[in-house]
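S.K.: Turn these sequences into a full structure, and let the hints steer you where they fit.
Per this note's numbering, residue 520 is the first one in the sequence shown, and the count goes up by one each step.
Simulated from the structure, these hints should not be mistaken for laboratory data. Errors might be hidden in some of the hints.
With a cut-off of at most 27 Å between alpha-carbon atoms, the simulated DSSO-like pairs for lysine-lysine come out as follows [said to hold, decoys possible]:
id	residue 1	residue 2
1	K756	K581
2	K773	K563
3	K610	K710
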Amino acid sequence: MATRQSKTIDMSRFWVTMFLGIVLISNIQPARSNTLTKSNTSSKPLWKGESAGFVSHGDPTKDDIAFLVVLGHVQAAIRRANHHDKEKSMKNPFTVKLMEEYAIIDPFVTGKSSTNLSLQPLLAEVAAPDSFTIMTAQTPSTRTRRNAIHTQLKNLILRVDAIVIERFPSTHSSALAMSALLREAAELLRKGLSLEGEILDVSQYRDALQLVEASLSLHVNKAALCKRSRNASKQLKSRGPIGDLLDRLIIISKSGTVNANAGDVFDAAEQLRQLGTSLPSIDAEICT
520 MATRQSKTID MSRFWVTMFL GIVLISNIQP ARSNTLTKSN TSSKPLWKGE
570 SAGFVSHGDP TKDDIAFLVV LGHVQAAIRR ANHHDKEKSM KNPFTVKLME
620 EYAIIDPFVT GKSSTNLSLQ PLLAEVAAPD SFTIMTAQTP STRTRRNAIH
670 TQLKNLILRV DAIVIERFPS THSSALAMSA LLREAAELLR KGLSLEGEIL
720 DVSQYRDALQ LVEASLSLHV NKAALCKRSR NASKQLKSRG PIGDLLDRLI
770 IISKSGTVNA NAGDVFDAAE QLRQLGTSLP SIDAEICT
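M.R.: Next up, the structure:
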């Protein structure tokens, strides 16, 4: 049987790319940023093509893939709220739909363990409209409360990671859940990015980016028992099809462009769909 190992992402590489993205996007002229938030895509050629990747229709209380997709939505919203860069037009990522989705899986987040990993009531606290108002405020008087909320958000990110480790999903389930989140991200980028990678809608771009990042947290490392399992595991890490894509989406030029478009994200989603459907639902059967 596969031995549980610590869930790892190449964090040093991740933070380097995040730093570069922050530096580069901060150099975009204010007038340019204001234009982007208006979602004016009429004069820019958009990527046009067929959607690709996995679509989850399962019951999250019974289907592991659907469970992970909901957890990915929650993780993406938490990361979006916790991100330092919030545009003026940003809406509260903790929507009614998201909170209802999580309420469905809350009784099942502990998996086989007796450990209480429920995100409630902490999630409800940070999702409140008053909390979002404080998070988006820049006044010195709210700094202490804002920092406290961001600390809670960081704790929630770690707790979601712990839920995934506790759930210990199969490679099959992880690949298909990641594919589903990438497909959702690509749909946002149909209008969020131009064909040439120009950021046309900052909100859609950042929502999509958080879905891509959240997808990377939906797997745990497994002991590689054969070449097939080793290759499959590599595809789920930041060095797989998502890794290069994430770099290309994060690093923004001074003109407000990235080296990717919706089609690239759909391609990655399709690669993971093909990987997931090619694997048995039980990891122990991969090498048989």
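S.K.: Hint by hint, say whether it matches the structure.
M.R.: Evaluation of the provided hints:
1. K756 <-> K581: With Cα atoms ~26 Å apart, K756 and K581 stay inside 27 Å; holds.
2. K773 <-> K563: holds (18 Å)
3. K610 <-> K710: Since the Cα atoms of K610 and K710 sit roughly 17 Å apart, the hinted pair holds (cutoff 27 Å).
This entry satisfies every hint, going by the numbered hints stated previously.
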